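Participant: Sequential numbering of the sequence shown, starting at 1, is according to full-length UniProt numbering.
The set of hints was computed from the structure by calculation and includes no laboratory data. Given the structure is predicted, the values throughout are model-derived calculations rather than measurements. Ideal Cβ placement from N, Cα and C applies to all residues, glycine included. Check before you lean on any hint, since a few could be wrong.
[As the list claims (entries may be wrong)] Estimated spans, in silico, between C-beta atoms of each pair:
{"id": "1", "residue 1": "Leu59", "residue 2": "Val32", "range": "44 to 50 Å"}
{"id": "2", "residue 1": "Pro117", "residue 2": "Asp81", "range": "29 to 35 Å"}
{"id": "3", "residue 1": "Thr31", "residue 2": "Phe76", "range": "45 to 51 Å"}
{"id": "4", "residue 1": "Pro117", "residue 2": "Phe76", "range": "39 to 45 Å"}
{"id": "5", "residue 1": "Thr31", "residue 2": "Leu63", "range": "42 to 48 Å"}
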Amino acid sequence: MPGPPWWFRVAVGTSLIDITADLAVQPPYCTVPSPESGMQGDCGMGTVSSVVVIAYAFLCRFLLIPLITGTLVNTFFDTIDDMRSLVSDAELAKYDECWRQLDPAETCFIASWKLKPLLERLRTLRSDLWIDPER
1 MPGPPWWFRV AVGTSLIDIT ADLAVQPPYC TVPSPESGMQ GDCGMGTVSS VVVIAYAFLC
61 RFLLIPLITG TLVNTFFDTI DDMRSLVSDA ELAKYDECWR QLDPAETCFI ASWKLKPLLE
121 RLRTLRSDLW IDPER
């Protein structure tokens with residue numbers, strides 16, 4: 001069975017016809033398996049090998065390679081967006097936790113006198129959103 005370099009060559013389309021011809025070799029151009037001596041043969045599978053190689057090449061070119069490329073591009077842009085963000089998701093989660101403690105009814109409003117406790121709670125959580133309330 002061919003190894004990874006062979007599969008990679010088929011995936012990118014290098015020497016596809018030569019590889020298919022090598023896999024379809026039939027006697028007298030190959031060694032026939034001999035059950036008596038235990039020797040394995042190196043003959044191909046004829047037209048079956050052509051079907052397998054073409055199906056694999058088709059899947060790679062039209063499914064796997066675009067899927068991997070799209071995943072890499074998507075991951076790249078997600079990373080760029082995360083780097084450009086001023087506030088991380090972890091910091092927003094800390095802020096949300098502190099806010100929920102001061103607004104248990106979830107009205108989205110807190111009294112002005114609760115602002116200092118909010119900032120103090122952010123400080124105890126070591127949040128980057130904390131500022132000194134005395135300034």
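Participant: Each of the hints needs a verdict: does it hold here or not?
Facilitator: So, going through the hints one by one against the coordinates:
{"no.": "1", "hint": "Leu59 <-> Val32: 44 to 50 Å", "in the structure": "violated, 32 Å"}
{"no.": "2", "hint": "Pro117 <-> Asp81: 29 to 35 Å", "in the structure": "holds, 33 Å"}
{"no.": "3", "hint": "Thr31 <-> Phe76: 45 to 51 Å", "in the structure": "holds, 49 Å"}
{"no.": "4", "hint": "Pro117 <-> Phe76: 39 to 45 Å", "in the structure": "holds, 41 Å"}
{"no.": "5", "hint": "Thr31 <-> Leu63: 42 to 48 Å", "in the structure": "violated, 35 Å"}
In summary, the structure is inconsistent with hints 1 and 5 from the numbered list given earlier, while agreeing with the others.
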